[in-house]
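Asker: Sequence:
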Amino acid sequence: MVYPKIAKLLLLLLALSLGPAQASPTAKNGLSYRHTVPRRTIAGVKVVDTPIVRDAHDYALKHSSDFTYKHIMRSWLFGAIVIQHNETLRNTIDLEVHAVAALLHDLGWDQTPGSPFVSHDKRFEVDGAIAAREFIRNNKHGKKWDERRVQLVWDAIALHTQPSISNYKELEVVTTGNGILSDFQGPVLGITKEEYSAVLSEFPSDGMRDGLNNTIIWFCQSKPATTYGGSTFHETRE
1 MVYPKIAKLL LLLLALSLGP AQASPTAKNG LSYRHTVPRR TIAGVKVVDT
51 PIVRDAHDYA LKHSSDFTYK HIMRSWLFGA IVIQHNETLR NTIDLEVHAV
101 AALLHDLGWD QTPGSPFVSH DKRFEVDGAI AAREFIRNNK HGKKWDERRV
151 QLVWDAIALH TQPSISNYKE LEVVTTGNGI LSDFQGPVLG ITKEEYSAVL
201 SEFPSDGMRD GLNNTIIWFC QSKPATTYGG STFHETRE
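Positions 1 to 238 (the UniProt record's numbering) are the ones given, in order, by the sequence shown.
Keep in mind that the hints are not guaranteed to be accurate.
[What the hints assert, rightly or not] In the DSS-like style, the derived pairs of lysine-lysine whose C-alpha atoms are separated by at most 30 angstroms in a straight line are: (1) K62 to K223; (2) K144 to K62; (3) K223 to K122; (4) K144 to K46; (5) K140 to K62; (6) K46 to K140; (7) K62 to K122; (8) K62 to K46; (9) K122 to K143; (10) K122 to K140; (11) K143 to K62; (12) K46 to K143; (13) K46 to K193; (14) K122 to K144.
Quick caveat, the hints were computed from the structure, so don't treat them as lab data.
Let the sequences and hints guide you as you build the complete structure.
Answerer: In structure tokens:
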């Protein structure tokens, strides 16, 4: 379901190089389109293909349900498309930061009994942000990251359901949120219908509504005080 007012606002922000959002100084140390980096193509979308990104993908796959895995892949790919279509983002975004944040943004949805990611007193976004930070710090490639890059991943995940805040953060944070938002709103932010359909064909959204509803019910049962602070999930596609 597309929210016209939100979609128009986000399009305007993107056209203005995302308004007040800040270009991250870590792009000089990270990997943007200005660098020669390994890439692969998924669902017609070129994405960064470095060891830590592959490790993050495998980690997410291991700790995600089927519907969650497909959602995070769509979110990553939609964000990558947004980056590709915008010169400012291509020259600025740290592609590894964006990829790791998108791939790990829903670790807080892990319903495995005794999950090391899920707390009893924190929102799932914060649980996911903490889990992603620990993944980076314990990964042999992530250990080479400076703390600024780690913090960007943390912020991107912790704020991904709060566009009224995340849109005023660094571009990596904004774009991670916009990629995730696109999975709920349809082809917006320069994503064409053809590109959107290609991603959905590779990673179908069937089961998304029931899976998301069941996840929220699980939160209500397991930690009700933290269940519904976000603004992303008011409505979802069938």
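Asker: Work down the list of hints and note, for each, if the structure agrees.
Answerer: Structure-based check of each hint:
{"no.": "1", "hint": "K62 to K223", "in the structure": "23 angstroms, holds"}
{"no.": "2", "hint": "K144 to K62", "in the structure": "24 angstroms, holds"}
{"no.": "3", "hint": "K223 to K122", "in the structure": "8 angstroms, holds"}
{"no.": "4", "hint": "K144 to K46", "in the structure": "24 angstroms, holds"}
{"no.": "5", "hint": "K140 to K62", "in the structure": "18 angstroms, holds"}
{"no.": "6", "hint": "K46 to K140", "in the structure": "25 angstroms, holds"}
{"no.": "7", "hint": "K62 to K122", "in the structure": "22 angstroms, holds"}
{"no.": "8", "hint": "K62 to K46", "in the structure": "23 angstroms, holds"}
{"no.": "9", "hint": "K122 to K143", "in the structure": "26 angstroms, holds"}
{"no.": "10", "hint": "K122 to K140", "in the structure": "28 angstroms, holds"}
{"no.": "11", "hint": "K143 to K62", "in the structure": "21 angstroms, holds"}
{"no.": "12", "hint": "K46 to K143", "in the structure": "26 angstroms, holds"}
{"no.": "13", "hint": "K46 to K193", "in the structure": "17 angstroms, holds"}
{"no.": "14", "hint": "K122 to K144", "in the structure": "28 angstroms, holds"}
Of the numbered hints given earlier, the model fails none.
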